[in-house]
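There are 2 protein chains.
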Amino acid sequence: MNASQKMAKVVFQPSGRRGTFPVGTPVLDAARSLGVYVESVCGGRGICGRCQISVSEGTFAKEGIVSSDAHLGGATEIETRYRSLRDMAASRRLSCQATIEGDLVVDIPTEAQMNRQVVRKRAENVTVEVNSAVQLVRVVVDEPDMENPRGDADRLLDRLKAKTGESALAIEPRLLSTVQSVLRTGNWSVTAAIWQDDAAPPVVVAIWPGAKYTVYGLAVDIGSTTIAAHLCDLVSGRTVTSAGTSNPQIRFGEDLMSRVSYVQMNPQRLPDLTRTVREAINALVGKLVADVGAERGDILDTVFVGNPIMHHLFLGIDPTELGGAPFALAVSDAVQSRAADLDLELNTGARVYVLPCIAGHVGADAAAATLAVQPHEAEPLTLLVDIGTNAEIILGDRHRLLAASSPTGPAFEGAEISCGQRAAPGAIERIRIDPQTLEPRFKVIGVDQWSDEEGFAEAVEAVGVTGICGSGIIEAVAELFLAGVLTQDGLIDGSAASRSHRIVQAGRTFAYHVTDHTTPITIRQTDIRSIQLAKAALYAGVKLLQDKLGGAPIERIRLAGAFGSYIDTKYAMVLGLIPDCDLDQVASVGNAAGTGARIALINRGKRREIERVVREIEKIETAMEPRFQEHFVNAMALPNKVDPFTELRKTVPLPAPRDAEAVDGSDGAGSGRRRRRRA
Amino acid sequence: MNASQKMAKVVFQPSGRRGTFPVGTPVLDAARSLGVYVESVCGGRGICGRCQISVSEGTFAKEGIVSSDAHLGGATEIETRYRSLRDMAASRRLSCQATIEGDLVVDIPTEAQMNRQVVRKRAENVTVEVNSAVQLVRVVVDEPDMENPRGDADRLLDRLKAKTGESALAIEPRLLSTVQSVLRTGNWSVTAAIWQDDAAPPVVVAIWPGAKYTVYGLAVDIGSTTIAAHLCDLVSGRTVTSAGTSNPQIRFGEDLMSRVSYVQMNPQRLPDLTRTVREAINALVGKLVADVGAERGDILDTVFVGNPIMHHLFLGIDPTELGGAPFALAVSDAVQSRAADLDLELNTGARVYVLPCIAGHVGADAAAATLAVQPHEAEPLTLLVDIGTNAEIILGDRHRLLAASSPTGPAFEGAEISCGQRAAPGAIERIRIDPQTLEPRFKVIGVDQWSDEEGFAEAVEAVGVTGICGSGIIEAVAELFLAGVLTQDGLIDGSAASRSHRIVQAGRTFAYHVTDHTTPITIRQTDIRSIQLAKAALYAGVKLLQDKLGGAPIERIRLAGAFGSYIDTKYAMVLGLIPDCDLDQVASVGNAAGTGARIALINRGKRREIERVVREIEKIETAMEPRFQEHFVNAMALPNKVDPFTELRKTVPLPAPRDAEAVDGSDGAGSGRRRRRRA
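Chains P and A, in that order, give the protein sequences.
Everything in the first sequence is counted per this note's numbering, starting at 213 for the first residue and increasing by one.
Everything in the second sequence is counted per this note's numbering, starting at 213 for the first residue and increasing by one.
Hints may be right or wrong, so weigh each one.
Stated by the list, open to error - Heads up, simulated SDA-like pairs for lysine to any residue below, C-alpha to C-alpha not over 25 Å straight-line:
#	chain 1	residue 1	chain 2	residue 2
1	A	K373	P	V825
2	A	K375	P	R371
3	P	K373	A	W400
4	P	K424	P	D484
5	P	K831	A	W400
Hints were generated in silico from the structure; no laboratory data involved.
Construct all of the structure, not just a fragment, from the sequences and the given hints.
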């Protein structure tokens, strides 16, 4: 590479992979060199059209990039021919033809990664009494009578009032234009959907001629990475189908704060972020109703949850205030709206219920998880943690409940890890390290076998071994610690290099080399530091809440969210990511936010319950607590500098603490003490 | 005119004038030959562009016309040049250039008749306690606090709840996207508009930074001919300005039933009729707010009234069911909606209240008139009549109230009268006939002087004497009766021809010649028959209701509507259009429907009052009453065959009844007896 050659920064979304490339590099080549999956069937000849990409324009503060369509090279003759023959959207380019001419944020369209996405949110079984906001009532209406010229809609209401006993029942004015044809089509027999929630009188929101037996509700968890939606039968309460998709807002910023800063820098693009997530939901709904042979018009009620920034963007609210202290929410109480007002393509009478947010960093998703886990009904002291780029922490029991958030950063999601990647095929998700030989065995997403099992070599060909995801890095660090490779302070002991060729020196620190099946995968000292920082932030937050409750031991731990579902709770505790507890009392609860959304969808009494609980939760702002720093520093150690983890030690023999002084290893960033001595 | 020449039928709207013309006639010439006003400054040279027209396409059953753009001749070179130089809408044509090539409904655009329209609806003074649905409340909101992370909207609501005592107060979700900037712009001081009506909890529908002292409401009476709108200060209750415009739906049919049949024949055009009236209202609002230097966003509440067909079309409801028995209303109870849902360009939080309809032919306008006149609070037996193409009749007192409608037809509006025209400049609106000489003196709209006063000849040059409007024909017939020219049966006595050259023979009947100042204006026997049929229908309806109440004498009469405002009550009674009553107890109440709308706008308690009254009104379907025919036949006579009109005779000497046999006059349509004798 010529030293004088001009370089450009490129970020690929939704993977978030980034790199610097010589100007003139084809976008497809850049993607491949980063292990970013872009489909291509024709081998870059501009024929198959599968490698389409688009550019997200704007200022991306976090990346220090101003991305523009103009930073792609002009259309080649081949691309121009393709465009003239096929139907390619104006905003799209063929990545095999388009070259990098300046800084870019490149968006890989969803259809190009459809087969690659592993949606790690699924519906757990929920048992809750059915008491939905929608009730189907069938009545036969009197025919019109000149002697008693009451309107068709009024006679319908009269019958419905008589049947339900709801004297204040009203009808949506929108239905007045169809009531006459519905009544006549049904030969004066109709089914009405009556919606009621909270204090307002019940309202007829939909009518059908004759009989109608099934209507659906939609429960959606809008995550910053993934949107998960569940279709529930509002009569039986059953979840009939679920689907997920990646959150297309990722093209405006990979993590939450990037999206907030994108809106801050490009305020006129706020409607794009809102539209983009609503369109993704509408597309998901299309998939859900097709699954069960229903129609969009059969969906009458919806419940949405999400972290505060997703919550605001979905509702069309500028999230800028959430980007800095005092992190003011536009609204924290539950929001009720009409689905049509949010551009959702459902029955035009469908309603929206959004769960309350607990605080500026503890959103409606945490409220929903609380509703699913029910710590406010529990006798044992329960810790509920939803780990994302922010860990949302709920701690308490039926007497008292506290909430806080801790800024764990994106390390648990595989970002800021040198070989990290999102949980997708090709990622190492499980790893075991032999304490004697230090040889690893691992499991890759998309392959059934472990790496030391028969058939692995053949099976892994299809996906490769492209990186290590969050659960993989947790296990790797914990296994290295258990194998004695790491000190309690998290340093890779260089002396282990004599035991195994896998411990390699990398500058002034050491690294552990896992494999180089597809690309070299190595756990570096900086990766371990990132994990330590993240887990220390989480642990310090938990400790603060525990302090508020007088330091009582935690009796039950529930890990929510995708990450919480996939990590091994033992390794999480070995790392000191979660506090000491009887391991039998530690469990993943899957997508508890989605579960809570479904509960609130099926039973409107649960909406009142969570509104009350959220009002009563004590909100703790960790940044303002003087002891946070002390807890944080102690929690940097594995599993902890001061907490004994006696419950854990009953089942897992932890290495005896060793002083960092005694080992041959160092990290460039952290240990000031060592650096001073070397100077 | 060549007998073999092809002819085409043309109807001009909004005047409703129609004629048959040779194919090839320029549209402007056809308009002028019918006295239809189309502006033209350049003398038909295709330069000024003032004579633009457009074609209303579709099937017009009543006229027996299928109108199409294709029935206009192609663009001349002159028109093509005009279009290339000026900005003329694609749908427009120059009427001086376009020729008639087939049947047409031609629409004269509003701007071309602006200076000609006399809007006969004006705001009467109303005194009613102010209790509007909108309340302005100013509060100072706590700044956000990390220790208590309640949302901005929630803290605003907390303050508003504390100040108003309304614990169930909610906020429109739409406001959540602006609440943060409004609070910060106002430095945490805001004014909220709280809307509450009926059973639902109050809602914050608008917020402004800092102080806001004035918000407005809009009261609209949608007539089939004219739309009248009033802007009221919701704080003081004062009507600050009013404006009117012609109802542009007239292009789809001049009278109500033509519009219904237009929708029946062209169901896909229903949205056009709805859009057209809403656009006219939006334009009126623009005028009203400009008048007082306000903004559309200052309008927060609205009340609409109209007859059932206008009511349905405004709400986007197909009025087809109202076109035939059993005349089923889609909805009769009051309708509440959001203004934005009806495409009204007001504050996005503005609400709509539509008064209830009484029956399929007795609409929300009659309900509003009832609210204005208050017969349900009256001790004397009160008759309230709103005369249009349907007369809406309310009769009763504080003990009992009845309602009915009678199909009077369009005669009172000057239609179906040979020289009839709408009330517009050039129309004879008053007439006196000397009982000795039978010479007329008359007054023309747009001219201050009577025809026998000095200066009339000069003043009338500007407008001409183009026809006779409803109030004019009433007076003409009554004066002819009082002058002894008409028999009690309404026949023009041919023997009067010897007394005056104004009585002329016309075929087998006689006519009274008024003037031929601009065009010959003559009252024909058929015109008198039309008036008799109309007034007999109205009178028979009143009599039926009177029968239901045991025949008690009517003690008070209130005439509502434009026609009711302009007719002389004495002549109306001489004609037997209204029943006998002390003339001092007969009064016009102007646009009582508009007044009622304003009352309901200013005081929401009045909404509940009229809802209750309408529920309790006894609705009588005149067509189903056996005695209707008998009353109708008696009411054909002047003033009535059987009713003595003793109160009227106290002040007006009526001619003694004469037998039709004794006079030399006949009408082709009516008197079978005479015809049989002649045969």
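Now for the hints, and whether the structure bears them out:
1. A:K373 - P:V825: Answer holds: K373 of chain A to V825 of chain P is near 21 Å, not above 25 Å.
2. A:K375 - P:R371: violated, 40 Å
3. P:K373 - A:W400: It is violated: about 44 Å lies between the C-alpha atoms, which goes past 25 Å.
4. P:K424 - P:D484: Measuring from Cα to Cα gives roughly 37 Å; hence the hint is violated.
5. P:K831 - A:W400: holds, 23 Å
Violated hints, listed in ascending order, are 2, 3 and 4; each of the other numbered hints is respected by the structure.
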